[in-house]
Amino acid sequence: MFSKSKIRERLETLRELPGVLPTRAERSDGTARLSQSLRSEDIETALSASREQLLGMSIEATSQDTAQELYSDPLLRDQMIGFADAGMNFFHGDEEYWRLRGDERAARGGNGAVNRVFVQHQRLLLETSRVVLRMADDASENARDDVLTRHEVILVDGKGLPPNVLRGHCNTVNVVDACLALMEEDAVDYAEPDFIEHVGQRFTPNDPLFGQQWHHINIQSEAAWDLTLGEGVNIAVIDNGFHTSHTDLRFGPASGWYRTTPDLQDADFVLGTAGMPSESHGTACAGMISASADNGVGGCGVAPGADIRMIACLSDQVGTQSTLARAVGYAAAPSSEGGTAAGADIIACSLGPNGANWEMRAVLNEAIDVAATQGRDGKGCPILWACTNGNYEIVHDEVCSHPEVMAVGRSTRDDADDGSGYGPQLEFLAPGRNVFLPGSGDGHQPVTGTSFAAPCAAGIGALALSKKPDLTASELRTLMRDTCDKVGSLPYIGGRNTRFGHGRANAANAVAEAIRLSTGV
Amino acid sequence: MDKTTILRRLAKLQRVDTLRALPPGVAAVKVSANVLGQSMRDVSDNARSDLESFLGAGWTFNVPEETNLDQALEVFLGGDGHIKLLGRTLVVKISEDLDGVAVNAWLKGNGLTLRRKLGFAANTFLVDTSGMSALNVAQTLNELPEVLYAEPNFIEPIQSR
Chain A
3 MFSKSKIRER LETLRELPGV LPTRAERSDG TARLSQSLRS EDIETALSAS REQLLGMSIE
63 ATSQDTAQEL YSDPLLRDQM IGFADAGMNF FHGDEEYWRL RGDERAARGG NGAVNRVFVQ
123 HQRLLLETSR VVLRMADDAS ENARDDVLTR HEVILVDGKG LPPNVLRGHC NTVNVVDACL
183 ALMEEDAVDY AEPDFIEHVG QRFTPNDPLF GQQWHHINIQ SEAAWDLTLG EGVNIAVIDN
243 GFHTSHTDLR FGPASGWYRT TPDLQDADFV LGTAGMPSES HGTACAGMIS ASADNGVGGC
303 GVAPGADIRM IACLSDQVGT QSTLARAVGY AAAPSSEGGT AAGADIIACS LGPNGANWEM
363 RAVLNEAIDV AATQGRDGKG CPILWACTNG NYEIVHDEVC SHPEVMAVGR STRDDADDGS
423 GYGPQLEFLA PGRNVFLPGS GDGHQPVTGT SFAAPCAAGI GALALSKKPD LTASELRTLM
483 RDTCDKVGSL PYIGGRNTRF GHGRANAANA VAEAIRLSTG V
Chain B
339 MDKTTILRRL AKLQRVDTLR ALPPGVAAVK VSANVLGQSM RDVSDNARSD LESFLGAGWT
399 FNVPEETNLD QALEVFLGGD GHIKLLGRTL VVKISEDLDG VAVNAWLKGN GLTLRRKLGF
459 AANTFLVDTS GMSALNVAQT LNELPEVLYA EPNFIEPIQS R
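Just so you know, the sequences run in chain order A and B.
For what it's worth, my numbering labels the leading residue of the first sequence as 3, then goes sequentially.
For what it's worth, my numbering labels the leading residue of the second sequence as 339, then goes sequentially.
Just chain A, with the same shape it has in the complex:
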């Protein structure tokens, strides 16, 4: 149950859209055309359809300007489509009309049920006279009746609601204030306006093993997927090999691998997947990011719409850092190996020793510098790297301590830290214990490691980047930090702590923030 303080905070931060009201719900050719044009992002046609629809409603208001400010933001537009499908359109009424009571508006052809329109976190909330409140378990019937009488709440049908939860008609035009007043009563656990809102269908993939991928619940993938699947973003995964025939993976055309030279001190780059080393580890990493959605196979990646580029190197887990450096360089700029593809938008790597220490060679340091600052046409390529699985301070791992690298630790199903690397260099955690991912034999297995947390976070980064592609690497890093869930029992000081970094990454929050930055709403 939400606390009173949390609900109070929500109600106090609602932003009213003055003058904006919905029409009465009445499906017509106009609302159908409005919905269709909004779906195709044809704003001009949408405006024309809206104006025609408003004229057809015969609302007796001096002014009936289409609320076109609700069309530009993709999140709000989605909701407008939902309302249009339900036969509702939104307009600016004149002040006299706007101040009328609901029944008076209804008498003038308007919507008599909605008092006001609010927006909060890019959600449209339509205030009516209805309120939902929960009485305290120890509140007597007399106390309940006393509260309802004093606050002018008349109970209406509350069938199906949990015990002590009531639904009422509030005899005031300001139901938000009424709820705040109700929550001053000891006998009331909470009171909230029973807002009308658009609740769209959530994208849930049909992949048969999706239900075993608990990490999607923790990071709120489905809420994020309602807005983006990561389309238009290219992620490079650097690992020691991939099952190229795995039916749940798609290999981007710029995938390639480093074939070690006979003296083992060098490697030749091979474009394409022919001959690429086959390893379950890389397969799981890639699957965490972009295992296909809705293909009836296995599970689903965090950013199933993103393009992915697999880069295999150091297949036997022994090699040179110059080869790893080349893989980073190729990911950010394929021209470094003679390629013609564009550089990746995000790099994820899960290679490195699991002890405390890892000394970085100058050449790898430089490759990371170059990718992180010059990649993406100067916007910088965000680099997410799995930190050590051991319970060690990350500061001794010079790669994960590189200032341009986001070191990702692993979290559990219960959002606890799982004993991986810690310290000021830890960026955040992401699910990485018993996560269910593509693996050997074209199958799917539960696997554990920071190796899978880093690509999970990279997928979240891709979802955010797809909604605001002009983010710099640094801006994406800030966004991902700021949108983490502050999980765990340790206090967060200055937004972080040593065991969780900035918290556990959250896809829905990251996407919402990217959209907010993109649209200003």
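Hint data in this document are derived by calculation from the structure and do not stem from the laboratory.
Take every hint as true, because none was put in to throw you off.
Okay, the calculated beta carbon distance ranges per label pair:
| no. | chain 1 | residue 1 | chain 2 | residue 2 | range |
| --- | --- | --- | --- | --- | --- |
| 1 | A | T500 | B | R346 | 26 to 34 Å |
| 2 | B | K350 | A | P210 | 48 to 56 Å |
| 3 | B | K350 | A | T500 | 24 to 32 Å |
| 4 | A | T15 | B | R346 | 50 to 58 Å |
| 5 | B | R353 | A | G213 | 49 to 57 Å |
| 6 | A | R261 | B | G469 | 20 to 28 Å |
Chain A regions said to be covered by chain B (calculated; three or more residues, Cβ under 8 Å):
| no. | segment |
| --- | --- |
| 7 | 265-271 |
| 8 | 309-319 |
The structure displayed is predicted, hence computed values, not measured ones.
By construction, the Cβ of each residue, glycine as well, lies at the ideal position given by its N, Cα and C atoms.
Guided by the hints, dock chain B onto chain A, whose structure is given.
For chain B alone, coordinates are given in the frame of chain A:
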């Protein structure tokens, strides 16, 4: 990464005099666990884990007197406690003031053979040291003003996490 840091690291390297590393497929005789155990007796867990990775990848280790030195690589312990094998290649970054012709002349003048240009950064090369110790060459090159950095191209375990 500045040259001082690199030189300090190179100075901290400890040669494991009792062992040489042989690439997969080269060794005729595999060293016994006993020899390895004695040679690596006082090393860190990191080094032990590295050794397992090398062995898993088909590398073998032997005592120097029983090793074909032409194909053997010297074994070092780095300041990070990890095993590094020293081959005959190094990575060198030279001042961008030198154009392609000047770079070729410079490499030749320093007894280095170009293996490949590392395309992700300017004037950065993987070179062969033509039989000279990559460690000694790197130390010498780092003293030159036109060298931005030079480091042996160590072979080391880089596991998956």
